[in-house]
Amino acid sequence: QLVQSGGEVKKPGDSLKISCRGYDYSFANYWIGWVRQMPGKGLEWMGIIDPSDSDSRYSPSFLGQVTFSADRSITTAYLQWSSLKASDTAIYYCTRLSPTLRAFDIWGQGTVVTVSS
Amino acid sequence: DIQMTQSPSSLSASVGDRVTITCRASQGISDHLNWYQWKPGKAPKLLIYAASSLQSGVPSRFSGSGSGTDFTLTISSLQPEDFATYYCQQSHNAQYMYSFGRGTKLEIK
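Going down the list, the sequences are from chains A and B.
With my numbering, the residue at position 65 of the first sequence is 52, and numbering never jumps.
With my numbering, the residue at position 9 of the second sequence is 2, and numbering never jumps.
Hints were generated in silico from the structure; no laboratory data involved.
Some clues are possibly wrong.
[What the hints assert, rightly or not] Straight-line alpha carbon distances no greater than 25 angstroms define the calculated DSS-like cross-link-like pairs of lysine-lysine that follow: (1) Lys35(B) / Lys98(B); (2) Lys98(B) / Lys32(B); (3) Lys35(B) / Lys102(B); (4) Lys(-3)(A) / Lys35(B); (5) Lys4(A) / Lys35(B); (6) Lys(-2)(A) / Lys72(A); (7) Lys(-2)(A) / Lys28(A); (8) Lys28(A) / Lys32(B); (9) Lys98(B) / Lys38(B); (10) Lys102(B) / Lys32(B); (11) Lys28(A) / Lys35(B); (12) Lys38(B) / Lys102(B); (13) Lys(-3)(A) / Lys28(A); (14) Lys28(A) / Lys4(A); (15) Lys4(A) / Lys98(B); (16) Lys98(B) / Lys(-2)(A); (17) Lys38(B) / Lys28(A); (18) Lys4(A) / Lys72(A).
Note that the structure is a prediction, hence the values are computed from the model and not measured.
Model the full structure from these sequences, guided by the hints.
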């Protein structure tokens, strides 16, 4: 399973790092994707990271806006912002890419990020 | 980038109905198409992978078909727990840019 860190309330300009910890599988062998869901909107693909070497691919909409990282020693992936905006208010999901299925078979419960002055 | 167009954006149906949701890719994606179910307050759930393969534990009333650019998700006999939003996602892009469709909200009539 994937377990994400708890909800956050931040102010514009704050930095933030949320986490996604993998349990009961070989964490380094599965890429981890990140998905945004803004209030009342659909799922948006943000990008993906290979926990084995931190090779990351960013959707053009998110390139330069967020940073992915991973620490395989503690089976955890991270999503980070250096300067939050109100428009970053959303639910953020991490999800595991199954290479066999070529689909995302396990999802974290989501982290609610609220950015408000 | 590959654009995914889902239709309809919303759908009203009754328990027991057969419903079909379509998804079209802006370019050929072979069978690299997945379907997810999302309910408020919950994480998305994988239903169908590789266009037509049923994920383990998913009821057989769900089925998928298609290849290339046109795909469908069919629910053969709607159950109360099926009222949710459904998303398609392509997993074809070589750079891992796995775009989603905009979703189809399935509501009770």
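Checked hints:
no.: 1; hint: Lys35(B) / Lys98(B); in the structure: holds, 15 angstroms
no.: 2; hint: Lys98(B) / Lys32(B); in the structure: holds, 10 angstroms
no.: 3; hint: Lys35(B) / Lys102(B); in the structure: holds, 23 angstroms
no.: 4; hint: Lys(-3)(A) / Lys35(B); in the structure: holds, 23 angstroms
no.: 5; hint: Lys4(A) / Lys35(B); in the structure: holds, 22 angstroms
no.: 6; hint: Lys(-2)(A) / Lys72(A); in the structure: holds, 8 angstroms
no.: 7; hint: Lys(-2)(A) / Lys28(A); in the structure: holds, 22 angstroms
no.: 8; hint: Lys28(A) / Lys32(B); in the structure: holds, 13 angstroms
no.: 9; hint: Lys98(B) / Lys38(B); in the structure: holds, 15 angstroms
no.: 10; hint: Lys102(B) / Lys32(B); in the structure: holds, 17 angstroms
no.: 11; hint: Lys28(A) / Lys35(B); in the structure: holds, 14 angstroms
no.: 12; hint: Lys38(B) / Lys102(B); in the structure: holds, 23 angstroms
no.: 13; hint: Lys(-3)(A) / Lys28(A); in the structure: holds, 21 angstroms
no.: 14; hint: Lys28(A) / Lys4(A); in the structure: holds, 23 angstroms
no.: 15; hint: Lys4(A) / Lys98(B); in the structure: violated, 31 angstroms
no.: 16; hint: Lys98(B) / Lys(-2)(A); in the structure: violated, 32 angstroms
no.: 17; hint: Lys38(B) / Lys28(A); in the structure: holds, 17 angstroms
no.: 18; hint: Lys4(A) / Lys72(A); in the structure: holds, 14 angstroms
Figure legend: structure checked against the earlier numbered hints; hints not met, in rising order: 15 and 16.
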